[in-house]
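Chain A is already provided as a structure; the job is to place chains B, C and D on it using the hints.
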Amino acid sequence: MFKLIVFIIFSAWAVISSLGVVLFSNPVYVILWLLSALISIAGIFFVAGAELVGALQLIIYAVAIAVFYIFVLTAVPWEKALKKDSHYRVEGVIAFPFIILLYIEMFIVFTLGVMASPKKQLKLFIERIGNAEVVGSILFSKYFIAFEIVSLVLLMGMIGAVLIGRKESQTYDGDTS
Amino acid sequence: MMEIAINLLIILIKILVILAIALGIGAYLTLVERKVAAHIQRRPGPMVVGWHGLLQPIADGVKLITKEDLFPRYGNRFLYNLALIMALVPAVLVFAVVPFGPTIEIGGREIKPILTDVNVGILLVFGLGSLAVYAIALAGWASNSKYALIGSMRKAGIIISYEVAITFAVMGPLMLAGTLSTFEIVQAQIDQKLWYFWVQPVAFVVYMFSLLAETGRIPFDIQEAEAELVTGFTVEYGGIKFGLFPLVEWYVEVLTLSAIAVVLFFGGWSPINIPFLGFVDPLFFLGPFAPFVWFVLKVALLLLFVLWLHWTLPRYRIDQITAIAWKVMLPLALLNLVITAVIAPLIWR
Amino acid sequence: MTAIPLEAFLTVSGLIFGIGMFGLIVRRNLITILMSLELCLNAVNIAFVGADAHLGLVEGQIFALFIIALAAVEAAVGLGIIIAIFRYRKVESSDEVRDMRG
Amino acid sequence: MVKRVFQRPLNIIERILFIDFIKGLTVTLKQAFRRTITTHYPYEKLTPPKRFRGFLGHKVIDGREPQPAFNEWVERMKIEVRPGSSRCVVCLLCKRACPVPQLFEIEPEKLPNGKRVIGVFNMNLMLCTFCGLCVDACPVDCLFNSDIHETASYSRKDAILDLKALEEIGRDWQRRREKEEDKIWSDDEQRQRLWYENDVSIR
Chain A
1 MFKLIVFIIF SAWAVISSLG VVLFSNPVYV ILWLLSALIS IAGIFFVAGA ELVGALQLII
61 YAVAIAVFYI FVLTAVPWEK ALKKDSHYRV EGVIAFPFII LLYIEMFIVF TLGVMASPKK
121 QLKLFIERIG NAEVVGSILF SKYFIAFEIV SLVLLMGMIG AVLIGRKESQ TYDGDTS
Chain B
1 MMEIAINLLI ILIKILVILA IALGIGAYLT LVERKVAAHI QRRPGPMVVG WHGLLQPIAD
61 GVKLITKEDL FPRYGNRFLY NLALIMALVP AVLVFAVVPF GPTIEIGGRE IKPILTDVNV
121 GILLVFGLGS LAVYAIALAG WASNSKYALI GSMRKAGIII SYEVAITFAV MGPLMLAGTL
181 STFEIVQAQI DQKLWYFWVQ PVAFVVYMFS LLAETGRIPF DIQEAEAELV TGFTVEYGGI
241 KFGLFPLVEW YVEVLTLSAI AVVLFFGGWS PINIPFLGFV DPLFFLGPFA PFVWFVLKVA
301 LLLLFVLWLH WTLPRYRIDQ ITAIAWKVML PLALLNLVIT AVIAPLIWR
Chain C
1 MTAIPLEAFL TVSGLIFGIG MFGLIVRRNL ITILMSLELC LNAVNIAFVG ADAHLGLVEG
61 QIFALFIIAL AAVEAAVGLG IIIAIFRYRK VESSDEVRDM RG
Chain D
1 MVKRVFQRPL NIIERILFID FIKGLTVTLK QAFRRTITTH YPYEKLTPPK RFRGFLGHKV
61 IDGREPQPAF NEWVERMKIE VRPGSSRCVV CLLCKRACPV PQLFEIEPEK LPNGKRVIGV
121 FNMNLMLCTF CGLCVDACPV DCLFNSDIHE TASYSRKDAI LDLKALEEIG RDWQRRREKE
181 EDKIWSDDEQ RQRLWYENDV SIR
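Residue numbers (this note's numbering), protein chains in the order written: chain A, 1 to 177; chain B, 1 to 349; chain C, 1 to 102; chain D, 1 to 203.
These are calculated hints, taken from the structure and not from any lab test. All values derive from a computational prediction rather than experimental measurement. Glycine residues also receive a C-beta, built at the ideal position from the N, C-alpha and C atoms. Mixed in with the good hints, there may be bad ones.
Derived CB-CB ranges, DEER-like [what the hints assert, rightly or not]:
#	chain 1	residue 1	chain 2	residue 2	range
1	B	Tyr-28	D	Leu-127	42 to 48 Å
2	D	Leu-127	B	Ile-85	45 to 51 Å
3	A	Leu-154	B	Pro-345	27 to 33 Å
4	C	Pro-5	B	Phe-279	45 to 51 Å
5	C	Arg-89	B	Gly-238	40 to 46 Å
6	A	Ile-9	B	Tyr-28	35 to 41 Å
7	D	Leu-29	B	Ile-85	35 to 41 Å
8	B	Phe-305	D	Arg-35	21 to 27 Å
9	A	Ser-151	B	Arg-73	48 to 54 Å
10	D	Lys-110	B	Gly-238	54 to 60 Å
In isolation and in its complexed conformation, chain A is listed as follows (with noise of 0.2 Å):
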């Protein structure tokens, strides 16, 4: 009971971030809706009793990825985009009666899908062994080598990254349109 209440709590506190990164106009004010939003899912991911998904939550999006947007919004001047309206008007209005349908269509298949799965098989064995522990070993195990791909795609990206970002001062001089 106790935690169901800390996790409606949660969820709540999720939506309406999540409705703010949506509906505010300045770029610093969503980045701080992005960051209570992330926080409250992590925060939904410890009732959950995922320990080690809530704590990376917190490490690498709360701190690593939400910076990396604190970075640009710095280093980009903002006073030209402040001025126009942030938000496409119309396409809002259009696109809104399809989120509803999304909205209902997600509805249709998770009833049935609910229905329809198994409960708690390895409920034992994992509240006997600790959480973190049973992530590690199943994800290096079953999982080896999805993971060694993710830790190559992220070198990638990370070369990618470096290499789009860097400043090539004389290549594209005169070329702007």
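For chains B, C and D alone, kept in the frame of chain A given last:
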């Protein structure tokens, strides 16, 4: 029902004690720092308020609180105040996973002197500790000042760089202990009769470098840089708001990271260690209080070491700091990780 | 101590995913579009973890970890591209990037 | 001729074990346990050297005037000599020497017997840079720089010294330091003598 009430009471008392420790000792560390600085420079330091300046932090607090609250005209007032809260809360929250001593019995009830024994405690420490970067970035942005912005950007860069190094550095002790919970790590060190400092000196060096960089201590205090940036991101803060930023950044964070260093490398509350043989306890006469005294003693020594460094070394340049992080500290930490993986079975036995 | 039902997780996940999708459509600024994308990825993570809590498995958490890692890559590359676009074209709105249109 | 100083690069052992870093730490640790060398200012005060340029003052006539300059100037300016009061002969040379002449407000007072005496001598020290040009210009060794350096006060009016205050400073100076030998910088013993003798209060 009675059981729940007693448990809640215990948790409340723990929270109060931890808050008192974090903020009270944090405030008194200002006096310690001033005294250490003064004596290294052959001055007596604060002497007037109280015996040898013992009431100086209270006097400072009263002075700062009664000061006028200034605000830069074109700043953003909401973010300006939010930055302060975001600096204070994560720094104090980290204390929730610091174990102060072994399990004790009071009135037939076993009490762990730790607020929450999460099984990912160490990850939580670094996750929460690094949230300070938002406080600093926001403070710099909301102040609408060039110096504040430069200082906050420098700090964000340094924290990102050293977060990587510190995470890889603590992986060594974690691998030896085989757990992520702070309480269990200390227990593992006592069981294995080994402070991890004896087998992980490289990790300890990397950890200390990262501690200094993340808390903005000399030699890595380029984001404050009194001479060039007029104290960086706190330029536009006045009164008690200015007082709280250094309190959090220089004292509370150093305190938490020192406590975590003691937990990871110096066996928490255990007495002096002879590797693989056992523990020597010169403070045995204190009985059940000895572990707590040992813990406080180790943290205090580490903290004094940090202060001592502060008044010895000059300041690095920003490019040197990030170059050290990526070119020296990260490879060292990775190398240490490989070696640890080789020797770990020897220690597990 | 009752467990949280799977429906609750899925509801939150679906709500946040829809909001993120909406933001992806209506946002004009490139960086805020990326942020909305992060919201979508997080919603998927919630669904994975919730399914784990329901089924008692850990595969969902492993995939959540993979998603977090890939989100890091996505943020790095995406922000690099945005900085490059801004540097060479001096625009930061998604309807001004139309060099391919001819 | 440029002297080139080469620093030996650190060898690998010194780099790994932080040798020079530890050397620096030992230096600061040694200093930390030594005796402190400071003065606790409001409770202990140092005596400034005699040539210190503090607040200005007027020396009074006590028979030690520079002769024959003093007698010549008294004769020329028709000054009545009153022992115990200011030596000023109203020559206005200090005002002419001053970079900020508005600082001085000097007026003589005519006596019924045809002689003159200094009547008003106000110095607005808000404008003063303590450069000492007026002191050099004074022909009768009247205006001088005293060693009073605690010049803070609660009102701007307190920064304007009138004749009475100047004479008081002069008397105090003559009592305490006139006979002291003139050194460029006082020796350590003299510097460490505490400054408790000064009883002049600038209002």
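Each hint, compared with the structure:
1. In this structure the hint that Tyr-28/B and Leu-127/D lie 42 to 48 Å apart at CB holds, the actual value being about 47 Å.
2. The hinted range of 45 to 51 Å is satisfied by Leu-127/D and Ile-85/B, whose Cβ atoms lie roughly 49 Å apart.
3. For the pair Leu-154/A and Pro-345/B, the supplied restraint of 27 to 33 Å holds, since their beta-carbon distance comes to about 29 Å.
4. Between Pro-5/C and Phe-279/B the beta carbons are some 50 Å apart, a value that agrees with the proposed interval 45 to 51 Å.
5. Taking 40 to 46 Å as the suggested C-beta distance range, the pair Arg-89/C and Gly-238/B conforms, at roughly 42 Å.
6. Range check, Ile-9/A to Tyr-28/B: Cβ separation about 36 Å, and the 35 to 41 Å hint holds.
7. With their beta carbons about 39 Å apart, Leu-29/D and Ile-85/B fall inside the hinted range of 35 to 41 Å.
8. Here the CB-CB span from Phe-305/B to Arg-35/D is close to 24 Å, well matched to the stated 21 to 27 Å.
9. The hint said 48 to 54 Å for the Cβ distance between Ser-151/A and Arg-73/B, and at roughly 49 Å that hint holds.
10. Hint check: Lys-110/D to Gly-238/B, Cβ distance near 58 Å, so the stated range 54 to 60 Å holds.
In this structure, every one of the numbered hints holds.
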